[in-house]
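**Q** Residues per chain, in single letters:
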Amino acid sequence: MREGWRRRVLGLSLAAAITQSAYAERPARAAEAAQASTGQVHPEPHAIAEALKAADRPAEIKTDESGDRYIVSGYQDRKFLVYFFDCGEGVRATPCSAIQFYIGFTIGRPFPLERINAWSRDYRFGRAYVDGDGDAVLEMDVNFDGRPMSSDLFKDNIDIWLELMSRFDEYVFERANPRPSAKTPGTGKTD
Amino acid sequence: MRDFAFGTFVAASAAALFAATPAQAELVNATNPDTIKKIIESRGWPATLVSKDGDDPYIESNRDGLKFLVLFMNCTENKNCKTLQYYMGFSDAKDVNLERLNQWNKEKRFARAYRDGDGDPVLEMDVDLDFAGLPRENVGESFNTWASLMDSYREFIFEK
Numbered sequence: 001m002r003e004g005w006r007r008r009v010l011g012l013s014l015a016a017a018i019t020q021s022a023y024a025e026r027p028a029r030a031a032e033a034a035q036a037s038t039g040q041v042h043p044e045p046h047a048i049a050e051a052l053k054a055a056d057r058p059a060e061i062k063t064d065e066s067g068d069r070y071i072v073s074g075y076q077d078r079k080f081l082v083y084f085f086d087c088g089e090g091v092r093a094t095p096c097s098a099i100q101f102y103i104g105f106t107i108g109r110p111f112p113l114e115r116i117n118a119w120s121r122d123y124r125f126g127r128a129y130v131d132g133d134g135d136a137v138l139e140m141d142v143n144f145d146g147r148p149m150s151s152d153l154f155k156d157n158i159d160i161w162l163e164l165m166s167r168f169d170e171y172v173f174e175r176a177n178p179r180p181s182a183k184t185p186g187t188g189k190t191d
Numbered sequence: 192m193r194d195f196a197f198g199t200f201v202a203a204s205a206a207a208l209f210a211a212t213p214a215q216a217e218l219v220n221a222t223n224p225d226t227i228k229k230i231i232e233s234r235g236w237p238a239t240l241v242s243k244d245g246d247d248p249y250i251e252s253n254r255d256g257l258k259f260l261v262l263f264m265n266c267t268e269n270k271n272c273k274t275l276q277y278y279m280g281f282s283d284a285k286d287v288n289l290e291r292l293n294q295w296n297k298e299k300r301f302a303r304a305y306r307d308g309d310g311d312p313v314l315e316m317d318v319d320l321d322f323a324g325l326p327r328e329n330v331g332e333s334f335n336t337w338a339s340l341m342d343s344y345r346e347f348i349f350e351k
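Chains as they are written, first to last, in my numbering: chain A, 1 to 191; chain B, 192 to 351.
The set of hints was computed from the structure by calculation and includes no laboratory data.
Among these hints, one or two may not hold up.
[What the hints assert, rightly or not] Simulated pairs of lysine-lysine, DSS-like, Cα-Cα distance not exceeding 27 Å:
1. K79(A) with K228(B)
2. K270(B) with K285(B)
3. K79(A) with K270(B)
4. K299(B) with K285(B)
5. K270(B) with K228(B)
6. K270(B) with K62(A)
In isolation and in its complexed conformation, chain A is listed as follows (with noise of 0.2 Å):
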């Protein structure tokens, strides 16, 4: 374990490798957050639809049969699904303290718990495991604690989902493998 805290301390997980690249796109993107940095986005599913509608994904906002509203969302032709924790409940709608991005990929076995466990080593923010259909599940937590985000903020973790999802999808389907590079030290920011 201290040779991983050391690693860590170095910089690399693979996960900072993923922000990393989904920051070099940064640029272009600061410059119009810089106009639009006086937004908020407030934690309930209308305000997190129109968000997520304001980053170029469909939202549509449903209601299991308990009566809790979720939002059935994609991209690049995977459909991802937003739930919605502690809300108020009631006649009056009260903010929300958290939500969960979630994706999970049927291929038809148990996916193994070594690579499971081997995602969860190597990238961060998401939330891995194997649920009790064998399936392969991805789910990253924001936590709103009630409060707004900024939409900046908003927007940031949306695009940080996408990039996990998409590569937590090659993942699952073996087009792609963890990159040994992450775990060697003085390698893992770049690439």
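We have chain A already, so just place chain B on it with the hints.
**A** Leaving out everything else, chain B in the frame of chain A:
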């Protein structure tokens, strides 16, 4: 989450409710490690900032006998970091199997568990503080969440 009304009504009442939120909460990002250090200390936990030439900074802390790190990431030349990672691991629990860690990831939110290259169970939580960051209360709350997850993880790992 549940509501008994149509969307438009909910949106309207939500707007009214949210109007009471102060327009300008103080935002905290990761560009100044000392700000994060003070927030950790405000929980009553020790915090030592470590910044070495050529490395991204990190904070060493501990709470209730559990040591943890707060790593500054996505930095530019070790400065102006944009994200944080809270990190802890146990070096005396190499017998924890992957089924058990998978169960953690299935049931818990916010933090990710895995077995590292040494066979040690690790817990990590990532927080994006890009741009102006999050309201100060949220950053503080993220440490409360982390503290509660660390406690749960210890129980989870050592429960026989």
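**Q** Among the hints numbered above, which are violated by the structure, and what are their numbers in rising order?
**A** 1, 2, 3, 6
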